[in-house]
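K.L.:
All chains, please: the whole structure from these sequences, using the hints.
Heads up: take any position in the sequence shown, counting from 1, add 2, and you land on our numbering.
These aren't lab readings, by the way, just hints derived from the structure by calculation. Mixed in with the good hints there might be a few duds.
[As the list claims (entries may be wrong)] The following label-pair restraints were derived from C-beta to C-beta distances: (1) Tyr36 with Lys16: 30 to 36 Å; (2) Leu9 with Ile40: 18 to 24 Å; (3) Lys48 with Lys23: 29 to 35 Å; (4) Tyr6 with Thr37: 15 to 21 Å; (5) Lys25 with Asp4: 29 to 35 Å; (6) Phe14 with Thr37: 17 to 23 Å.
[What the hints assert, rightly or not] DMTMM-like, lysine to aspartate or glutamate: derived pairs with alpha carbons at most 25 Å apart: (7) Lys42 with Asp4; (8) Lys16 with Asp4; (9) Lys48 with Asp4.
Note that this is a predicted model, so its numbers are computed, not measured. Virtual Cβ for every residue (Gly too), placed ideally from N, Cα, C.
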Amino acid sequence: MDLYLALYVGVFIKWVVSGFKNKFRNELYGENEYTHYIKKFLLTQKILF
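P.N.:
This is the structure:
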């Protein structure tokens, strides 16, 4: 149980950090930030569950 929790927290932190990095990239490509976060979140959920 603790292993899954640690994995989830680690992935979430990595996801948040990459989200801030992607903010600059979104301005270049013009991708909607919210759309990007939703896709990223769904991808993360698919990997974990």
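K.L.:
Which hints from the list above does the structure break, by number from lowest to highest?
P.N.:
1, 3, 4
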